[in-house]
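J.: Given these sequences and hints, build the entire structure.
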Amino acid sequence: MSTLAQPAASLVQSVDWLAVAPPALTALAALAVLVADLFLPRARKPLLGRVAVAALAASAVLLLPLRHGDHSTFCVPGHPGVCSYTADHFALIVQFLVLGGALLTALLSVTALTDARGRLPEAEYWFLLLSSAAGAALLPAARDLATLIVALEVASLPAFALVGLRHGDARSTDAALKFFLSSVTATAVSLMGVSFVYATTGTLHLTEIAARIQHVDGSLQTLAQTGVVLTLVGFAFKTAAAPFHFWVPDTYVGAPLPIAAYLSVIGKAVGFTGLILVTVVAFPGYSAAWGPALAVLAALTMTVGNVGALRQQPTRTHSAVRLLAWSSVGQAGYLLVPIAAAGYAEDPQTSIGSTVAYALMYAAVNLGAFAVAALVGRSRTRNRVADYRGLYASRPLAALVMAFFLLCLAGLPPGVIGLFAKVVVFSAAVDAGLGWLAVVMAVNVVVALYYYLQWTALLFRAPEGEPVRLRVPAPVTAAIALTAVLAVALSGAPQLVLRFAGGSLF
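If you count the sequence shown from 1, position 216 lands on 292 in our numbering, and the numbers rise without skipping.
Hints listed in this document are in silico derivations from the structure and should not be mistaken for laboratory results.
These numbers were taken from a predicted model, which means no experiment stands behind them.
Heads up, the beta-carbon is just placed ideally off N, CA and C, and yes, glycines get one too.
All clues stand as given, with none of them false.
Taking CB as the label site, the calculated pair distances span:
#1 Gln301 / Ala550: 46 to 56 Å
#2 Thr457 / Glu422: 49 to 59 Å
#3 Gly194 / Leu473: 28 to 38 Å
#4 Glu422 / Gln530: 33 to 43 Å
#5 Ala287 / Val91: 19 to 29 Å
#6 Leu525 / Thr457: 22 to 32 Å
#7 Ala550 / Tyr274: 49 to 59 Å
#8 Ala538 / Asp146: 55 to 65 Å
T.: This is the structure we're talking about:
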């Protein structure tokens with residue numbers, strides 16, 4: 077073999093197709109939907125939604141063969157431990173959350189597209205949703221900064237278009253523009269930080285960065301520190317942490333309701349996953365800097381989110397969605413607490429397990445709350461909190477389920493899973509010596525009780541006027557039922573969440 081052929085041969089490697097199958101299948105389904113649209117008559121367009129739902133379900137099922145052992149691929153030749161894609165325990169849990177959340181979003185979207193009566197182009201909608209889900213599923217397995225940023229943008233770029241996809245809706249266009257500008261700014265900041273990190277370490281692989289960044293030349297120390305700060309600031313934008321949260325309320329209101337649900341759960345999962353990977357895996361040597369910074373960010377975010385939710389007027393148009401939007405900002409603050417605690421802990425995996433456990437709880441109940449909001453919005457297009465008054469009289473099961481979701485978010489029985497998740501996060505702060513942050517969290521939990529309980533009580537009050545009854549579409553029923561069953565089951569055995577989220581994450 078010639079000397080030129082030898083280096084070329086060393087670059088050839090096999091691909092673990094099973095490891096990359098979940099995001100790959102979702103991406104292929106997106107392309108299939110786009111191509112199929114060219115040949116389907118208008119009357120057959122609803123088939124595209126069924127294909128999307130089936131593809132997301134199949135992608136989630138493909139996670140099962142990966143649950144035993146780590147699967148890595150796209151590794152550096154001669155260095156099997158330095159890979160760009162690793163389907164470890166952490167990646168699989170987040171991929172399960174992402175694909176499960178995207179599946180529930182797809183179920184809600186089937187009805188939303190039917191109700192839109194042509195104002196939402198079906199093929200483009202499903203293509204964008206599947207593309208975003210593929211990027212979101214790729215991100216938790218990314219183990220180099222290039223793959224991480226690419227996955228982040230594949231998840232984000234289709235979401236911009238989904239928010240502004242409604243034809244002739246100025247509010248939707250305005251929401252998409254705010255979302256786009258904030259996200260592009262975050263990406264630009266992150267890319268500058270990544271370039272500085274690469275310039276000082278000579279590598280993009282997270283584990284290699286962790287080993288090299290502590291030993292950079294003295295003249296490059298300032299550049300390395302600036303790179304770390306800029307990278308973390310960029311991801312703070314993506315998580316909607318205060319003061320980078322300004323786009324959230326208007327974006328959720330302007331987007332189709334299923335997309336608002338998608339952003340509230342999958343969008344946050346993407347941001348927090350990236351933040352975990354760059355802090356705990358790539359920059360553990362700088363934990364003395366990012367630990368306190370994230371603790372302050374967590375306190376600010378939960379306070380701003382809960383105060384914003386507290387100020388919502390029940391009679392304001394779209395106040396139900398706005399309240400859920402501000403609530404999601406507050407919940408982001410709780411999710412940041414264990415990541416901040418990881419900067420102080422000897423074993424950061426325990427703290428990260430707390431974040432993952434809280435994210436799983438939040439995903440189930442928040443998607444369920446949006447599913448009920450989608451049901452109410454079919455008859456009450458203004459979707460105000462006041463429109464939920466007397467829901468029990470017309471939709472007893474929907475009212476009971478909504479009450480349960482709100483109690484889970486508040487952390488009150490019988491929503492035991494919500495209480496359990498908050499206790500786990502609270503314990504992570506206390507164990508890390510962040511007593512002041514635990515106090516701030518406790519105060520915010522009490523503040524949040526007011527608007528959650530106010531909404532819950534409204535469900536059971538005497539209705540004003542005749543209750544409006546509409547047929548509940550099967551996809552919406554399925555979405556509400558799935559989230560309710562999951563939330564009730566986890567409230568009965570909350571330890572399953574921590575056991576599922578624990579273990580060797582990385």
